[in-house]
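**Q** Protein chains in written order, with my numbering: chain A, 1 to 493; chain B, 1 to 493.
These are computed hints drawn from the structure, not numbers from a lab.
Glycine included, each C-beta is placed from N, C-alpha and C at the ideal position.
One or more hints might be untrue.
Claimed, not checked - Derived PhoX-like pairs (lysine-lysine); straight-line CA-CA distance at most 25 angstroms:
| no. | chain 1 | residue 1 | chain 2 | residue 2 |
| --- | --- | --- | --- | --- |
| 1 | A | Lys325 | B | Lys352 |
| 2 | B | Lys373 | B | Lys350 |
| 3 | A | Lys325 | B | Lys325 |
| 4 | B | Lys325 | A | Lys295 |
| 5 | B | Lys75 | B | Lys373 |
| 6 | B | Lys295 | A | Lys295 |
| 7 | A | Lys399 | A | Lys75 |
What the hints assert, rightly or not - Under 7 angstroms between C-beta atoms, here's a sample of chain B residues computed to sit facing chain A:
| no. | residue |
| --- | --- |
| 8 | Gly277 |
| 9 | Ala298 |
| 10 | Gly410 |
| 11 | Phe421 |
| 12 | Ser443 |
Chain by chain, the residues run as shown.
2 protein chains.
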Amino acid sequence: MLPRLVPRQPLRLFRWQAACALGASVQRRTWASRIPRPLGPWGAVGNSPPVCRRSSSTPAGGPEVALTQERYPVKRLPFSAPSEADLAAFERIIPGRVVTDTEVLAASNVDWLRTVRGCSRVLLRPRTSEEVAHILRYCHERNLAVNPQGGNTGMVGGSVPVFDEIILSTALMNQVISFHSVSGTLVCQAGCILEELSQYVEARGFIMPLDLGAKGSCHIGGNVATNAGGLRFLRYGSLHGTVLGLEVVLADGTVLNCLSALRKDNTGYDLKQLFIGSEGTLGVITAVSIQCPPKPRAVNVAFLESPFYVLIETSGSRAEHDAEKLNDFLEQALRSGLVTDGTVATDQMKLKALWALRERISEALSWDGYVYKYDLSLPTDTLYDLVTDLRTRLGSQAKRVVGYGHLGDGNLHLNVTSEAFSRSLLDALEPYVYEWTARQRGSVSAEHGLGFKKKDALHYSKPPAALRLMQQLKALLDPKGILNPYKTLPAQA
Amino acid sequence: MLPRLVPRQPLRLFRWQAACALGASVQRRTWASRIPRPLGPWGAVGNSPPVCRRSSSTPAGGPEVALTQERYPVKRLPFSAPSEADLAAFERIIPGRVVTDTEVLAASNVDWLRTVRGCSRVLLRPRTSEEVAHILRYCHERNLAVNPQGGNTGMVGGSVPVFDEIILSTALMNQVISFHSVSGTLVCQAGCILEELSQYVEARGFIMPLDLGAKGSCHIGGNVATNAGGLRFLRYGSLHGTVLGLEVVLADGTVLNCLSALRKDNTGYDLKQLFIGSEGTLGVITAVSIQCPPKPRAVNVAFLESPFYVLIETSGSRAEHDAEKLNDFLEQALRSGLVTDGTVATDQMKLKALWALRERISEALSWDGYVYKYDLSLPTDTLYDLVTDLRTRLGSQAKRVVGYGHLGDGNLHLNVTSEAFSRSLLDALEPYVYEWTARQRGSVSAEHGLGFKKKDALHYSKPPAALRLMQQLKALLDPKGILNPYKTLPAQA
């Protein structure tokens, strides 16, 4: 069962067990309209103008996004600037896949939330881990900074450059390497899109152990690099448990092949764990081995009300058993007054429609203007207090204060919206939200990671000794700091 | 469902669905008779003779175990030897809990399989992580080697000293710190015995996510340090997924508090993962936060035959649903001829009796004399081939060649027995078994770890780049190499 906490908002409700009438108009969210998904070689090396100007071309769909370096107090580190000679060298490594087209770069420089923007002049699209190794070996030697990029669906500005880092895209690394039809072990390249993997394994009687709203765009490598949580976390657990192996290219171009497809392997330190959730700052994930659970034969989704909207999904192997258990639970919940109204769906279209209500909240909020996003782990009994507290604190400063998330995981997605970015609103939110969370011994990033925007909040959830060890690990694995700089860890004094 | 592969051996069988008649005489295995479990301060500092002599006192129950330094080609590293002044210093840190009693030390110097033996002269029994920190700070400064020890139930000689390392026992760190009755999150000290934790959480409607034959003696800290697999692995996954947080004392005495009780926490690198399975070589685990699943309301155990014994456990929330599904499955298995005979148990006594058949195999084998143990991950379809292959290869050299394990995890426990340790038999087994496993891209240690006895086999399952990174991590976290030396990683050239 996957209980989900959804904020109560004006919304048409349905009678108990009534047909759900939403299906037809609701589509799964994808970012396809915002982020061009590369479909082939985009362009060759050229003398394209740098996109680092204020007046750079604006992606369709909104006003220009401020450059990160102008909005945030961040200083470029002394990396080399990519030269024409560098582009020529990349062209020799991956002929025809060195992208300098300004439109592609404009889209790849800005996050989908349109809150941060870098000014990279080049995007590389390798197909193999050997090519990635070759590229990193070159960048390491030349002291060129690199921004690994998957589907660019991150929430914390981790997937786009801060300055002119070279964008290393996994988009063409999209091959399934193997699938074991008995064990359900999938081995694939890092650039496979989650939804396509889902379809691939579902056709073979399995499901991916993770699912998230961004499934139509996000890459499995990015999912692993950010330790994505999502909608199946409560049922199948964290990627630290379901990922069986990784192939990673280290900062100096060394290929670390820990792509085991074994359920159990206690030979030495479990190195792959280091890279799960390290946001591309310790190495570039090039392939993933992941345990897929059997596809449930029966799925029920219940959408309940009072005083919150709650979405519950059950999965099992026999429909009549699951229906019986769910009905008993719902009857009890109704009788106790805990639930006042709701609907249950079993067919695919209704299931998707109900899930879309949850999955599209983030997209819906982005229409308000600027969204201040917080992704907190909190004790379940105080999960919503911060929302009501902030509504009082912010008053008319905020357009909307919304709390939703994953009740079973203790994960609150706190969203505050305003017409446009406002420094004074940000100051009213931070460090207030972090201090509030730290007092509850919560986490200032439950599942979104730290990326660029949350890295300075790390100390609210981790003690100094842990920060020190993280910095040491970064120095060990990436001594020149070329991998996804300005991300995850706070700048060192 | 937890399918287990058990070798077919002469054994009384039961009629289908017949009552299981084994219950009365079968007890859960514990090591209590072999390993004295400390119950209070054992002794004070004294001038006890060193136990490093060939003629040291022999623990009850068998012939003297050869000293590791005599049986294996291993050289003592240049650590300081613990002096009387050191013992006095320890006595100031943990008054009355510095053990030099020869009988206690004799038991703590030898592994339960009686295959390796160290010659430590002192065992320390701290109660708090602060005391552990104080001890390690002292040892680090004095260059004294330390052997962290939990229940001393390991299979690979990781839990006893190789030479005169100071034994740091977690036996008195046995307090539950907190338990959350809704989420099922247990936080406890590292020295809590697994079976006692099981009883504690079961009384509160939960179960531990792991279970193993050694439950009566093993410590949760040792379980985590060795990434123990065990009997619930298939159902609840690896400790990398179920452990939520750890408190670890580093080699220099730094306390690393990552004892989060949160389901989700993506703030920086997931440091705790480094210590799960690192066998005490990177830090000493002093406390554990672990996610306990709800106690299943219905449990069925089926014990089936043809051509292997298979033990299957189901767990669910409604007995009649589970019985229906299991019966359907068994009928189908019988009809197809895959299963020829068997029994199903639902009551506690019979369940335990059936599990005991599986859990006591390891103990039973030890009565043969010397046991050569291999713990391999292999593709399921070739899982048993190595057993038949070895029977031919070894002929009368071996008393018995036995294969059992965890079919659902692809984990084969290969056991070869002989009257006494024989170098020629060992040479017939190694590297043959490892090479066989490497050809199948398997793991030379599925769940037992590498400890002392398997460390040189690491390269059969991990590439040179991985070994190099492991050595670098060891050097970063324990630059003097004082933590559990001679274990996990091969000696550096």
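**Q** Hint by hint, note whether the structure agrees.
**A** Consistency of the hints with the structure:
| no. | hint | verdict |
| --- | --- | --- |
| 1 | A:Lys325 to B:Lys352 | violated (28 angstroms) |
| 2 | B:Lys373 to B:Lys350 | violated (29 angstroms) |
| 3 | A:Lys325 to B:Lys325 | holds (15 angstroms) |
| 4 | B:Lys325 to A:Lys295 | holds (17 angstroms) |
| 5 | B:Lys75 to B:Lys373 | holds (24 angstroms) |
| 6 | B:Lys295 to A:Lys295 | holds (24 angstroms) |
| 7 | A:Lys399 to A:Lys75 | violated (32 angstroms) |
| 8 | Gly277 | holds (5 angstroms) |
| 9 | Ala298 | violated (12 angstroms) |
| 10 | Gly410 | holds (6 angstroms) |
| 11 | Phe421 | violated (24 angstroms) |
| 12 | Ser443 | holds (4 angstroms) |
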